[in-house]
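A.B. asks: In case you want the letters, here they are:
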Amino acid sequence: MPLKRVVITGMGALSPFGRGVDTLMNALLLGESGVRILPELADIRGIRTRVAALVPGVDPGEIPRKYRRSMSAMSVFAALAAGDAIAQAGLSGEQVRGGRLGVSIGSTIGSPRTTQAFFDDFRTDNSVERMKSGVFFHIMNHSCAANVTHMFGITGRTVAPAAACSTGSLAVGYGAEMISMGKQDFMLCGGADEFHPLTAATFDIMNAASTRFNESPGRTPRPFDRDRDGVVCAEGSGILLLESLDSALRRDAEILAEIVGFASTSDPESIANPNAANIAHCMRQALLDAGIGPAGIDYLNAHATGTELGDIAESEAIRSVFGDRVPTSSLKGNLGHAMAASGALELEASVEMLRREILLPTHNLDHVDPLCASVTHVRGVTRRRVDTVMKNNFALGGVNSSLIIRRFRR
Amino acid sequence: MTNKEIIERIDRSIAEEFEIDPEEMKPEKTLFLDLGLDSLDIVDLVIVLETAFRFKIREEEGIRKIRTLGDIHAFVIQKKNELESIPR
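Line by line, the protein sequences are chains D and U.
Everything in the first sequence is counted per this note's numbering, starting at 1 for the first residue and increasing by one.
Everything in the second sequence is counted per this note's numbering, starting at 1 for the first residue and increasing by one.
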């Protein structure tokens, strides 16, 4: 059975810069930071980080109550981003509802805010008498995916991959494979997460959250920089509309990029720490999937979160696969780490880099750490036509993922 | 609390919870067809009423017979009267 080619025809973004891929790109081009001081973190005993990157200006009220009642913030983000992706792709109502569109959207966990609200109330008198019907629909693991299907009347497949920081990339990769195999013609793919102190604390207790820039939030995180001190947690959603090339051509849809390679590998060395050899293996598997060699990659969008260990391991892995010839940058210096959304948001920006023929630099990379210096870093907005891009994401739990996209050619 | 006050509180609580235009809150309106509620909303409706009037009604048979907003008014008024007639 010949595999089908898969292209991207729509994208939606809710990022720390607001709504829309253009909004995201404008901020990235200006070198802005979405990281802010979050005063309420100061009220939590034991947490040392005080900064995060939240999505501004979202009006959940634009979603009818019938759909909104089962949504926490992360599903609101996903639903709005999905609607924008569908609109950009120009799918008809019949195409959305007809069974050939599926959903592959994940989050790190179900809504932490609703989970907390439930237990706050439950623990007051050990009672579920005040439990609203929407609680489960907020906290179930496939909340974002299910809410998107309901809001748009989608009747194809629903999958909700969960692999923390790799979720968004995995969701795109698995969605692409379903189209490639002919199981669906269209897939809405990506990830979403809502900020909660639990997420920041997860990194903080492992000494992997940024704590030295609490008074100057725009200076952190600092991927690959010698003064980096950890992750800054963010929230948001990136949703991409994937489609078989046959379908896109039939519809005369604008093709934003083609997905030509995907790999995901497990890293059993450590549940928390990245391993350069296993990261390199994942990238090589993606190259094999695309049927190209390392010389075929023109730009690499790194996972690079600004942690000491992760940035070094990824640098070593990039060096071992590509040498020093591939321009590399991480967008987490601007965006923070939007967890399950990060892979999809960064992929969307990578698609735009292809289309706009520019490369974005790593924000806050002032002095490259000598241990990350084996990589060619993009140091400023660079006008350059690149045709093929690799996008990396690596997750706590040891889940690696690499996607390869290419400028569309018939 | 007078019956009028009870009805006002019911209408206000329901309109707020389910984002219904207060102008729509007429006794003859059916919950499902006119006000757009569904079975999940009825679960929450019970909690809204229990919270507003500090009673427990989830296990009451009478709830199953409710069709209109007016039915809710009558149900709550009757329940309040029952509770107030119980010697303390």
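Bear in mind the hints are in silico, worked out from the structure with no lab data behind them.
As the structure is a computational prediction, the values presented were derived from the model and not from experiment.
There could be a bad hint or two in this list.
To be verified - Computed cross-link-like contacts, BS3-like style, restricted to lysine-lysine with a CA-CA straight-line distance of at most 30 Å:
| hint | chain 1 | residue 1 | chain 2 | residue 2 |
| --- | --- | --- | --- | --- |
| 1 | U | Lys65 | D | Lys132 |
| 2 | U | Lys79 | U | Lys29 |
| 3 | D | Lys4 | U | Lys80 |
| 4 | U | Lys4 | U | Lys65 |
| 5 | U | Lys79 | D | Lys183 |
| 6 | U | Lys56 | D | Lys132 |
| 7 | U | Lys4 | D | Lys4 |
| 8 | U | Lys29 | D | Lys66 |
| 9 | D | Lys4 | U | Lys79 |
| 10 | U | Lys29 | U | Lys56 |
| 11 | D | Lys132 | U | Lys79 |
| 12 | U | Lys29 | U | Lys80 |
| 13 | U | Lys4 | D | Lys132 |
| 14 | D | Lys66 | U | Lys56 |
| 15 | U | Lys65 | U | Lys80 |
| 16 | D | Lys132 | U | Lys80 |
A.B. asks: All hints, please: hold or fail.
C.D. replies: Against the structure, the hints come out as follows:
no.	hint	verdict
1	Lys65(U) / Lys132(D)	holds, 21 Å
2	Lys79(U) / Lys29(U)	holds, 21 Å
3	Lys4(D) / Lys80(U)	violated, 66 Å
4	Lys4(U) / Lys65(U)	holds, 22 Å
5	Lys79(U) / Lys183(D)	violated, 56 Å
6	Lys56(U) / Lys132(D)	holds, 15 Å
7	Lys4(U) / Lys4(D)	violated, 67 Å
8	Lys29(U) / Lys66(D)	holds, 19 Å
9	Lys4(D) / Lys79(U)	violated, 64 Å
10	Lys29(U) / Lys56(U)	holds, 24 Å
11	Lys132(D) / Lys79(U)	holds, 22 Å
12	Lys29(U) / Lys80(U)	holds, 22 Å
13	Lys4(U) / Lys132(D)	holds, 28 Å
14	Lys66(D) / Lys56(U)	holds, 26 Å
15	Lys65(U) / Lys80(U)	holds, 18 Å
16	Lys132(D) / Lys80(U)	holds, 23 Å
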